[in-house]
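Since the structure of chain A is provided, determine the placement of chain B on it from the hints.
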Amino acid sequence: MISEMDKKLMRNAESAKIKDAILQGVYEDNLTMSAPHTKPVRSGQPGYRLINRILSVLLTTVLFVLIQFISDPIYQQSTNPVAFSEIASILPWAEIVHDQLAGPSKVLQPSYVADSTPWPVIPFNAQRLLDYNLLLNHDQVRLSSVFGLDVQTIVIDPGHGGRDPGAIGSQGTREKDIVLDIALRLRDQLMQSGRYMVLLTRDTDTFVSLADRVRFSNLNKADLFISLHINALPQKQFNVTETFYFGPPSDLYTLRLAEQENRGSELLTGDFKNMIKKIGDVLKEQESATLASTIQYSLFSNLKKYDRVIADNGTKIAPFVVLLGVDAPGVLVEISCISKSEEETNLNNPAYREKITSSLEEGISRYLTQRHTQIVKGDDNDKKISKNNS
Amino acid sequence: MTKKSAKTTADEKLLVGIDLGTSRSAISADNGKKKWVESYVGWPRDFISRKVVGKPMLFGEEAVEHRLSLDMYRPLKNGVIKEGTARDEEAVKELIRHLISLVQPSRNDSKIRAVVGVPAESFKVNKVALKKAVAEFSEALFVVSEPFAVAYGVGALDNALVIDIGAGTVDFCIMHGTVPSEEDQRTVLTAGDYIDQQLFTFLKDRYPEADFNLNMIRRFKEEHSFVGTVDKDVEVEIPVEGKSTVHNITDEMKRACDSILPAIVESTLELIAKFDPEYQDAIRGNIILAGGGSQIRGLVEYLEETIGEYGPTKVRVVDDPLFGGADGALELAKEMPEEYWTEL
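Residue numbers (the working numbering), protein chains in the order written: chain A, 1 to 390; chain B, 1 to 344.
It is worth saying that the hints were derived from the structure and are not from the lab.
You may find that some hints are simply not true.
Said to hold, decoys possible - List of simulated lysine-lysine pairs, DSSO-like, C-alpha gap at most 27 angstroms:
#1 A/305 <-> B/314
#2 A/19 <-> B/55
#3 B/334 <-> A/19
#4 A/19 <-> B/254
#5 B/111 <-> B/131
As the list claims (entries may be wrong) - A short, non-exhaustive set of chain B residues, derived as facing chain A with CB atoms under 7 angstroms:
#6 52
#7 144
#8 177
#9 178
#10 179
#11 336
#12 338
#13 340
#14 341
Computed from a prediction, not measured in an experiment: that's the story for all the values here.
Positions of the beta carbon are idealized from the N, C-alpha and C atoms, including for glycine.
For reference, chain A alone in the conformation it holds in the complex:
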């Protein structure tokens, strides 16, 4: 038993400094709890902000002209942007924008109603332009929660298979076998919650082309796509874990549009669709980046226990074909390097593969929990808005 005396001695021995540091740590820990993850993902990618800025300029232009366009009565009859009005009706714009602007600035109440008016007459308003722009560019606005999207179907894609063995270790271990085993385990673990449908692009040792993997995922309307791979490096002493996601679309398109920034209206009918698509792209990218960071985090922090010198390459943007084609937010995980002989031995151990599976599952769960919480928050916002309106 710890006596009062002991306790006092212990307390005295600890300097007040340690206590202060700990209390501050608890405070900081709790501060970050409300806005997890988005920041760390971004900070690793300096390029992201630039792209974001370009995207922002583009969208501002598109929206600017769009708003002029729709406020012109001549064009009103000829356009029926159902898609947008449908989306618009479910967006808690005002609330979000209000939060972002944080001040007494006037916030527009959404005046559009889904079906009674085909397209509302909104006079040009710079504030509104800013509103949309904020939605797409503010780091803290997560589109999945804005749209209340939930995850039902998860597609896991064990790389290679059949005649394509993938990377091969010096002891003859083949990537295709390891990732298939991990994928099967991961499916079982994820299915246990009973909440998600989990599908595999292959559940046996068969060859599946990249195109077929993409088709499979899109046909099954996957909400998340996770591709599993094992890396091999020429430098055999290294072991690296990294997670990739597909980045923003090529800059060419952005540039072409930026050139035409001032020319205006003839562009717009076509680009309206692009804007909607852009929302989709931003969404896919936001979600992929977040998923990649949660998976990478838990994978690395767990693998580190087995290989102290394993390197954390973090999350990276890369143009993997399989990620480009899949509609759902997706990541490609390079779990570790089979080229390092110790790692190959580990990978041959089922208990180790189970550990890997658990860390993948932990990362995915953390992502899903976080996403779920944000959606719930979004629902609360909706309720608040409807209360205010009534």
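Frame of chain A, contents of chain B only:
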């Protein structure tokens, strides 16, 4: 009550430390009150059961008693709120509301500032959800991991290892002068409940005619659990065909308790080995057991002996395993600077 005095109480702050456990939850308040409940929340199954139990919701012991009329929830079973189970989330919320009401003199007359300790695993996975659950009842709150709260409570802030043996999980936490990171913590899922299940199976095998349930098993464990050897055989009364009969359960109890030891020893050694070699001895010399499992007879000696093979080891048990977490959380709440509360 005059208007003025009403206003004074409204401005009063009540500091509470809450230990949200898988099996039992405890609360300590700075007004000196301490309460605990079994972490069960039950909602009446239907209109009739609502009439029978006479309340819209039951907690703890009372819920267990009326379990047949209730939909029972043990919200942090296995140490985490189950993914997507709205009812479990609600149960957590109600449990906290209930705990606070136990220490609050009369409702809503003082502002609550809370520090909530939760199972380490839940801290990792559900902290945002948990925070949301508590936010409703408190002016400001901090969520911390339970073993950390225990460590803070006993002042083991540097070079110490807390092993919190609960019902659903055994949580490990190394303290080294800062807030422990995820790497400093570990969770093992074979804990008190696992002993119950093992004991249940062993006894069913040996005494197929005996009539017992998990609740009784849990009581046997709490009274007689041990590691190593005991001077006196463990004998309990279990009904056989309605007649109370004495059964010797020494071997079964031993096997059941032994079943959680390998994971505890392995995790302890692993956590210490990962730590800076210079401090490993210091940590081994400052191991603190908390939670209900710390009461297992002979556990301290067993751990000192087994881990002692790697170097001098000292294992101690917290004074009050039931309130260790809540008291630690309260201690944190008391020492938290005012600006942290307000800025949060």
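Here is what the structure says about each hint:
no., hint, in the structure
1, A/305 <-> B/314, "25 angstroms, holds"
2, A/19 <-> B/55, "44 angstroms, violated"
3, B/334 <-> A/19, "12 angstroms, holds"
4, A/19 <-> B/254, "41 angstroms, violated"
5, B/111 <-> B/131, "17 angstroms, holds"
6, 52, "31 angstroms, violated"
7, 144, "6 angstroms, holds"
8, 177, "5 angstroms, holds"
9, 178, "6 angstroms, holds"
10, 179, "3 angstroms, holds"
11, 336, "6 angstroms, holds"
12, 338, "12 angstroms, violated"
13, 340, "4 angstroms, holds"
14, 341, "9 angstroms, violated"
Checked against the numbered hints above, the structure breaks hints 2, 4, 6, 12 and 14 and satisfies the rest.
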